[in-house]
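*Asks:* Chain by chain, the residues:
Protein chains: 2
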Amino acid sequence: MADQATGLNVIGKPYPKKDARIKVTGECKFAADLVVPGMLHGKMLRSPHAHARILGIDTSRAERLPGVKAVITGKDFPGITYGNFIHTRDYLPLALDRVRYIGEEVAAVAAIDEDMAYEGLDLIEVEYEPLRAVFGPEEAMKEGAPLLYDDKPNNISSKSEWAFGDVEKGFEASYLIKEETFETQAIKHGMLETHTCIGYWDATDRITLEACKQSPYTAWRQLAMGLGVPPSKIRMKQTFVGAGNSGGKQEALPMDFAAVMLSKKTGRPVKISHTMEEVLLMGHMRHPYKIRLKLGVDKEGLIQALDCFAIADGGAHSSIGQLSIYLISAFMMMAYKIPNARYRGYRVYTNKSFCGALRGHCAPQINFALEGLMDEIAQELGMDPLDIRKRNAMTPGYEAPNGFKITTCGLREALDKAREMSGWDEKRGKLPKYRGIGVASTGFISGSNIMGMSACSAMLKVLEDGTVALQSGATDVGQGCDTVLPMIVAEVLGIEPDDVSFALIDSDLTPMDGGTWSSRVTFYAGNAAKMAALDAKRQLGRVAAEVFDVKEEDLIFKHRQVSVKNDPEQSMDFARLVRYCQNRKGMTIMGRGYYNAPVGNLDFSKGTGNFSAAYSYYAQVCEVEVDPETGLVDICNMWMAHDGGRELNPMLVRGQLIGSTVMHVGQALFEQLIRDEKGNTFNTSFRDYKMPTFKDIPGSQELFSLEIPDPEGPFGAKEAGEGASAPVLASIANAVSDAVGTRFRRLPIIPEEVLKAIKGKSR
Amino acid sequence: MADQATGLNVIGKPYPKKDARIKVTGECKFAADLVVPGMLHGKMLRSPHAHARILGIDTSRAERLPGVKAVITGKDFPGITYGNFIHTRDYLPLALDRVRYIGEEVAAVAAIDEDMAYEGLDLIEVEYEPLRAVFGPEEAMKEGAPLLYDDKPNNISSKSEWAFGDVEKGFEASYLIKEETFETQAIKHGMLETHTCIGYWDATDRITLEACKQSPYTAWRQLAMGLGVPPSKIRMKQTFVGAGNSGGKQEALPMDFAAVMLSKKTGRPVKISHTMEEVLLMGHMRHPYKIRLKLGVDKEGLIQALDCFAIADGGAHSSIGQLSIYLISAFMMMAYKIPNARYRGYRVYTNKSFCGALRGHCAPQINFALEGLMDEIAQELGMDPLDIRKRNAMTPGYEAPNGFKITTCGLREALDKAREMSGWDEKRGKLPKYRGIGVASTGFISGSNIMGMSACSAMLKVLEDGTVALQSGATDVGQGCDTVLPMIVAEVLGIEPDDVSFALIDSDLTPMDGGTWSSRVTFYAGNAAKMAALDAKRQLGRVAAEVFDVKEEDLIFKHRQVSVKNDPEQSMDFARLVRYCQNRKGMTIMGRGYYNAPVGNLDFSKGTGNFSAAYSYYAQVCEVEVDPETGLVDICNMWMAHDGGRELNPMLVRGQLIGSTVMHVGQALFEQLIRDEKGNTFNTSFRDYKMPTFKDIPGSQELFSLEIPDPEGPFGAKEAGEGASAPVLASIANAVSDAVGTRFRRLPIIPEEVLKAIKGKSR
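Chains as they are written, first to last, in the numbering used here: chain A, 3 to 765; chain B, 3 to 765.
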């Protein structure tokens with residue numbers, strides 16, 4: 003039945019995720035499960051040096067090993083670098099003359115099984131000339147440091163430098179100025195599904211790559227770039243993607259190039275599956291940041307000026323780093339009204355595994371810094387941390403000096419609601435010893451147009467049983483677009499979500515799409531799906547209007563029926579109308595639609611422009627208890643109020659909010675990659691790399707959605723999920739600080755640091 | 003470069019078939035090559051009785067056999083019959099209480115490999131009560147004959163009875179009347195690829211069938227019908243289809259039902275692949291016909307009246323028979339102006355493997371009869387056989403009494419051309435002894451709207467490298483739509499056929515389609531693809547017009563360029579325009595189109611209506627030499643002139659014309675299924691079932707296309723290929739008759755018959 007208030011039948015209801023059942027029963031086939039006739043198995047040879055020149059590779063012994071069918075090196079490729087942005091194309095399919103981190107791919111073997119492939123790897127002889135390596139970004143920026151790329155002085159991979167307003171004047175006008183440095187660590191997505199691909203290069207030079215990709219069209223484009231072929235020569239077939247990839251399966255990887263090239267050499271399909279050790283060794287990691295933040299406020303706590311200097315440790319490749327270094331500054335400007343601001347951000351190459359996108363993509367890091375400093379300022383001013391945030395919070399219609407145009411905005415309401423839910427006023431400053439409460443708030447984006455090709459598109463066909471086969475360019479990586487996009491189509495056509503199928507991407511078939519990043523899928527692909535559904539509805543409506551002899555606008559599509567407004571007698575099954583169109587009118591009903599947000603392309607080296615067509619807001623309160631004996635932090639409760647527009651499927655939004663929170667408990671308290679001084683990573687298994695598990699989940703999580711429909715989002719939706727990752731580090735850190743009375747400006751807040759703080763106090 | 007006369011760049015050129023290379027290299031994966039993780043192998047238990055009641059089936063021993071994972075019988079299905087037309091749904095997924103021919107499926111086993119599945123079959127115990135069987139259609143029609151279906155009196159499976167004009171009056175007005183009976187035999191398509199499918203039924207009750215199907219949507223619908231589920235629950239994935247299927251892979255088969263049901267029972271994918279023995283045992287066969295034809299002509303040889311009485315031996319199921327029995331009469335009316343005609347056609351059930359569609363679908367049979375009788379009449383009138391045909395030939399604009407509306411028609415020109423090419427006038431009556439020459443002509447259809455859903459549709463997306471990913475609902479079964487449809491798209495958009503990809507059908511993705519039958523693909527799917535391309539061109543044109551500041555109609559899309567008419571300076575790469583749309587305008591270019599011929603639905607029980615939107619015409623001359631010692635017929639030369647509209651790809655049309663001819667050499671001279679009196683088929687291997695091979699190919703084949711563009715066909719095309727099958731039986735039979743001086747009215751014309759005729763003469 004339709005919701006009384008909204009008139010919506012499908013939207014807003016908690017439909018379970020479409021693939022939930024086949025995933026929990028184990029029936030769902032992931033890339034690693036796939037078997038192709040005649041398939042060989044490939045493995046990658048990786049550099050044992052953090053930085054070295056390749057003097058020569060002798061593959062002859064490996065090639066002679068029975069069972070080994072082909073061996074390739076970087077020389078088998080045309081030598082074209084690939085990447086995301088014009089100035090940061092520094093990936094090679096396989097290393098050519100140099101390796102830049104331990105784990106970089108230098109050769110690959112295809113053999114009859116994995117064991118033989120490993121044996122083949124052992125027989126490849128690479129002559130290296132070790133080079134001086136550099137691991138710290140600040141050290142890497144210094145004159146005289148070894149350069150990773152000759153054309154990148156000071157190892158700066160990308161930078162973003164901008165200023166709006168008059169920062170100096172702002173500081174002059176400030177009553178209180180604080181400046182602190184915050185540091186965050188490298189972490190890994192911790193996806194349970196390792197990267198897997200099957201490559202096939204046929205006699206007509208058509209190349210097929212079947213792989214678990216988050217943004218198949220991004221990988222498609224990169225694969226074409228590195229192979230030196232037009233993208234249409236490549237058929238990218240997406241498999242189900244294991245949840246938790248969270249930005250880690252965006253790009254074409256050396257394994258993808260190796261699989262197709264080994265296939266070209268052997269004439270057989272080649273499958274390559276990474277081990278978890280390879281995943282944790284290789285990349286993409288979350289960027290570690292060192293952020294120096296200077297914040298000036300007036301007596302009321304209103305922000306006068308903000309200056310940020312950030313250095314990101316990018317590792318050996320650029321990946322999406324040109325965006326990452328801008329993002330710190332973008333998220334810095336997304337929650338509060340900041341009249342004067344300056345940013346200088348540098349992403350630096352180091353001889354470590356490379357960093358890229360990870361759930362929240364730089365928002366958690368800057369939020370950790372800014373929200374920490376906000377707390378310190380509030381403390382110094384004697385203000386309530388919630389109050390200072392509310393005072394500075396963005397409001398609907400606000401236009402930020404950097405160009406952000408705020409439309410709907412419920413940040414103040416979110417802060418109020420978080421206060422109420424958490425019992426903030428009863429708890430703040432009144433909790434027992436070693437118990438603390440902290441708050442953090444954030445703004446987030448509902449997608450962006452940062453890439454050249456950013457529109458999302460959808461095609462659909464309406465079937466004779468009244469169902470719809472939807473093809474979206476969007477990829478479900480666990481976030482739920484396999485369910486939400488069908489819901490949108492169902493709402494438009496007056497049918498049920500079960501009536502709409504959702505297909506995996508196949509670049510030969512499914513429509514173009516910008517990709518699954520920047521929390522854009524519901525907003526962009528949702529609008530595209532809606533338009534495709536409206537397109538089909540128009541075609542059906544024309545026929546129905548003819549049948550009923552009424553105007554199209556007098557038709558109602560609802561409950562799998564098409565009927566005439568104010569004349570309930572005139573009605574027919576939706577399915578019957580489709581069959582009427584097919585069988586009597588000789589029509590087939592197909593809809594198409596695409597959507598690109600009306601925000602223009604962003605110049606993120608200058609930091610100017612409206613990043614997103616809609617911004618979402620979060621306020622999170624966290625309550626912790628610290629064990630003074632062990633230093634262990636127990637997260638008792640988390641409360642989150644958010645403005646994500648209308649929640650299209652509250653069950654899935656809830657899952658995303660909880661997931662984003664739990665994932666970041668790890669970064670806040672214990673998760674990190676541990677390396678030695680030579681660049682070796684120590685913890686390359688999930689036994690040693692500590693991710694949050696059941697026992698680390700907050701004692702309770704209470705969520706509240708403000709449900710403010712956004713005019714641009716499909717059925718009023720905005721981003722809802724990824725943004726929830728942003729305040730977690732800060733709300734936990736602020737709560738721990740409240741509990742032990744010491745600021746923590748470096749992550750993770752491991753028990754040793756907590757104990758140190760407690761002992762420092764008690765001493 | 004564009005053709006001077008037509009202005010066309012792509013159309014009319016001999017592009018090789020897109021899949022030719024991967025097929026000849028063996029890289030192309032057919033259904034039998036596919037492997038799916040966890041897959042089981044299924045086998046079918048078949049009835050040893052031509053007609054029997056099933057008293058019971060004991061599967062318990064089979065089920066207990068280790069390695070056997072499931073056994074199913076007809077009781078595992080909901081008991082719903084399925085089929086093509088409302089009144090002829092007589093298929094069951096597996097037999098329930100009765101079997102009606104030797105080879106009918108009664109149970110199926112899924113096991114870990116094929117051997118285990120066969121062992122499982124051996125352990126199934128079926129208790130049969132044999133029933134009286136009937137094998138001859140005339141016997142089956144008699145009162146007291148055993149009925150195959152209780153609701154089908156006289157075993158009549160379907161009938162078509164109609165009359166136009168006044169037949170009696172026509173005969174009264176005739177100068178010469180001849181009445182003869184012609185008989186044709188059962189043959190099998192002789193596809194080299196046997197039927198194969200992989201079925202999968204998942205926990206969400208989504209059913210996937212991957213199979214080699216000629217009309218995937220027909221099989222999709224039938225599978226849904228027999229399983230009692232909505233079609234959208236089924237995902238039909240088409241594999242490459244081995245050439246030569248020629249109508250034999252249209253429908254859902256018991257193996258398809260068995261595969262999905264065995265999967266439901268086991269939770270694992272199940273693959274079933276027929277042996278060639280099963281293919282030759284089971285069906286669909288070509289309908290054997292007994293045709294009594296009475297033809298009256300005036301002194302000039304002009305047809306006054308035609309009366310046809312036909313009995314088709316349909317075997318144990320209806321298949322597409324309701325259409326088949328009409329088709330005889332339709333093709334009878336398709337070449338000549340026949341003012342008065344009557345038809346009574348009966349398709350009869352017998353306890354043999356069932357008959358269905360096969361290249362030419364009833365046209366060769368009626369053509370054999372009518373063209374034979376025409377020759378006899380000509381002989382009696384002392385007229386040249388080519389002359390009598392030309393006199394009666396249809397002409398452009400002719401409207402037949404049964405409703406056929408002739409638009410373009412080059413039959414007279416084809417007859418003239420065949421006369422010229424073959425040197426007819428120098429040969430007819432002037433050849434040495436035992437050498438003969440014969441002619442036959444025919445009309446054919448360019449698709450029809452006989453099924454409920456008959457439109458073809460296409461979707462396409464234009465990619466950033468200036469290529470197009472085309473999705474058509476059409477299936478390539480060797481006829482070449484994988485190449486011709488991309489050619490059509492390329493012509494519209496001014497790009498090259500290599501720039502357009504063509505995808506296999508996947509019912510979750512590719513657009514709806516009526517199916518691959520009635521020679522409709524180029525005409526219907528071609529028009530749909532053209533419309534989709536025009537749709538995309540409009541979108542691109544709007545942007546280009548804006549860029550160049552001109553009107554859309556002033557743009558030229560040619561040679562991968564978009565330029566302004568009369569202003570060669572203003573021009574940009576097609577690919578650049580696409581990227582401009584994508585990256586600057588945020589568009590994605592998608593086109594859609596569907597086409598249904600403007601001919602209405604045909605009522606083929608009454609025989610009224612315009613069957614096709616365009617008719618194609620063929621005239622074929624055959625020259626043979628008969629060995630008087632052995633009776634062997636050597637086909638020396640074949641000449642064919644045809645009006646198939648504009649040939650879109652002459653190389654592929656040539657392949658089709660030659661293929662249709664060679665295939666029917668078999669039916670004319672030696673091919674047949676041989677059965678004993680109990681209904682056992684003797685020749686169920688290609689060693690025993692004689693198909694034409696290289697040594698049977700005519701000594702030469704000369705082809706000529708009249709190239710009369712049709713206004714309704716895409717770029718002027720009409721049917722070109724299947725129709726060539728129609729005159730072959732008759733042109734050969736007429737040539738053999740000419741060589742030995744005796745009429746042959748029964749096929750095949752085996753050496754024994756030829757020798758008998760020669761000896762009868764010389765006696």
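Please note: incorrect hints may appear among the correct ones.
As the list makes no split between identical chains, a pair holds if one copy fits it or if it spans any two.
Quick list of in silico lysine-lysine cross-link-like pairs, DSSO-like style, CA-CA up to 27 Å [claimed, not checked]:
no. : residue 1 : residue 2
1   : K587      : K608
2   : K161      : K407
3   : K296      : K567
4   : K235      : K31
5   : K171      : K692
6   : K266      : K31
7   : K553      : K761
8   : K19       : K267
9   : K680      : K292
10  : K392      : K144
Worth flagging that the hints you see were computed from the coordinates, not collected in a lab.
*Asks:* Of all the hints given earlier, name the ones this structure violates by number, lowest first.
*Replies:* 3, 5, 7 and 10
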